[in-house]
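*Asks:* Sequence:
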Amino acid sequence: MDMKNILSGLSFSAYETLGVHPEKKGNGFSVFAPEAKSVSLIGEFSEWKEIPMKKDDNGVWSVSVKNSEAGQMYKFRITTKEGKTYDRMDPFAFFSEKRPGNASVIYNPSEYKWNDSEWISSRKKDFSENINIYEVHLGSFMKKDDGEFLSYDELAEKLIPYVKSLGMNYVEFLPFTEHPLDASWGYQVSGYYSATSRYGDPDGLKRLIEKCHQNNIGVIMDFVPLHFVSDYFSLNCYDGSHIFESDIENERHSRWGTTLFDFSKPFVISFLHSAVAFWIENYHIDGIRFDAVSEMIYRHGSGDEGLNEPAIWFMKTLNFYISKKYEDVMLIAEDSSIFGKVTAPVEYGGLGFDYKWDLGWMNNTLYYLSLPFEKREYKAYSIYHSMDYFYNENYILPLSHDEVSHGKKSLINKFYGDFEERFLQLKLLLTYAFTHPGKKLFFMGTEIPSEKEWNEYDVLEWENGRREELTEFFSGLSSLYSSHPSLYKNDFDGRFFRWTEKENDECLFIFERLSDDGDKVITALNFSDEKVSKKILLSPDDEILISSGKAEITRTKTMATLKLGKISSAVIGKKYN
-4 MDMKNILSGL SFSAYETLGV HPEKKGNGFS VFAPEAKSVS LIGEFSEWKE
46 IPMKKDDNGV WSVSVKNSEA GQMYKFRITT KEGKTYDRMD PFAFFSEKRP
96 GNASVIYNPS EYKWNDSEWI SSRKKDFSEN INIYEVHLGS FMKKDDGEFL
146 SYDELAEKLI PYVKSLGMNY VEFLPFTEHP LDASWGYQVS GYYSATSRYG
196 DPDGLKRLIE KCHQNNIGVI MDFVPLHFVS DYFSLNCYDG SHIFESDIEN
246 ERHSRWGTTL FDFSKPFVIS FLHSAVAFWI ENYHIDGIRF DAVSEMIYRH
296 GSGDEGLNEP AIWFMKTLNF YISKKYEDVM LIAEDSSIFG KVTAPVEYGG
346 LGFDYKWDLG WMNNTLYYLS LPFEKREYKA YSIYHSMDYF YNENYILPLS
396 HDEVSHGKKS LINKFYGDFE ERFLQLKLLL TYAFTHPGKK LFFMGTEIPS
446 EKEWNEYDVL EWENGRREEL TEFFSGLSSL YSSHPSLYKN DFDGRFFRWT
496 EKENDECLFI FERLSDDGDK VITALNFSDE KVSKKILLSP DDEILISSGK
546 AEITRTKTMA TLKLGKISSA VIGKKYN
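Numbering-wise (the numbering used here), the sequence shown opens with residue -4 and increments by one.
You may find that some hints are simply not true.
Unchecked claim - 27 Å max Cα-Cα, derived DSS-like pairs, lysine-lysine:
1. Lys515 <-> Lys569
2. Lys336 <-> Lys260
3. Lys526 <-> Lys569
4. Lys447 <-> Lys153
5. Lys79 <-> Lys49
6. Lys447 <-> Lys404
Hints listed in this document are in silico derivations from the structure and should not be mistaken for laboratory results.
These numbers come from a predicted model, not from an experiment.
Please model the entire structure based on the sequences and the hints provided.
*Replies:* Now the structure itself:
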């Protein structure tokens, strides 16, 4: 057994020791519950009658059951030292009962036969390639006519062709680890090794991922290492003591009503490190997006309370191992802090992530678009400030689910003006996002001008009357992005970006993107409700590649003039094949 490493915080494969594993006849069950008075196994194989388990010197309780088989449900019945008895899920379960049930289910992840070797052998972190991510909540992308969820296989049939039609090359799934409450979107996790049963079994999820790979679409998993659901069937006070959470009462509770992991406990480190390795190894995940990184960097998520050194150690040791063991898997931080070197390698003093969400770009841009037109000339900094710090980290530009939920309004309703003005501004925002340095992430429905805020119970507004127009524009920008190396190849090298117009009273911003192979693209953005004209330097074969609103170029022998209608944009360059 690997218990020495597990209890020392050194294991990345704890799931191979604890949980349920096949034996020659039946299965062996084991659970770490060092402070329990007694532990019994109950399940379908025993008609839910107790099967006593034996405890070893490490605090692991084990038993073998000959007549147990895949698909059967089970729980651990734990009696605490105080004499209280609770039925608990298996922390290392690979599958779970569909909510509202919460039993664990026997499943052997090694039996699936993958057919994506060509993808796996060629994938990379794509620093110099286009990364265009479609963020998806599996439960509300589409549903059946009766309102039930689509299965993993049905989602593969609907989602993959649609993502390809948009020109996207990655999907990022909101957490699909098991969770009891639909309204948590998966962020209040109960089963860290268990694919949610809402949409089918683990093999169904594997088929979905495999079909993504077969269609040249990478899969990023949203992972929640900070906190877990507080329900007593899960990890909370698991054996009557605090295995996963702090022993100190006021250090246990998050602001979301969940329970915080205690990163000073070696077993917790092994549990979470192993979970990340498990999904990469057994589900062929291409990237991990870590939720709430800023909440882990600082104690209680507050810079005023100092650094959370155990959590920082957790991230550094995890990222160092994953970057060496799975060097082609992306590690992405959702981080809103000013903490430095988030995307620097651990060996150079960094946290070891490959990418960080640029939430400053997102917040400043949406703030600027919310302003009345007459006030924007005084707030130009909101637009150009993003490039003042951009080269400090490797950034992804996110327009994510967080910005269109919980009373924050739909994307189009964040902007100032009437509907037509807001519609033009949405096109303007998309143009800016696709041409600004940084990799791209868009939440599902960004390509639909919905005035309805997203929630987990409704599907996307597929019948929106302006959907086709905006989706076509979105797809055109995706195509432009992927076909021009200047828009992605040298994202993180400041030599290949230049402002040519900013800080003006016309709300006009113009910048150039270049690549080391000679490609060049000019982006002009008119954020005002007035027409503007600007003389610009162009090559003879430069033309408008895509525009939102009215845009035209007039030429003389020595100079070209770009004319933009109100709330409009133009992307200019050579056609590039």
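*Asks:* Each hint: holds or not?
*Replies:* Hint check results:
no.	hint	verdict
1	Lys515 <-> Lys569	holds (8 Å)
2	Lys336 <-> Lys260	holds (25 Å)
3	Lys526 <-> Lys569	holds (25 Å)
4	Lys447 <-> Lys153	holds (22 Å)
5	Lys79 <-> Lys49	holds (19 Å)
6	Lys447 <-> Lys404	holds (7 Å)
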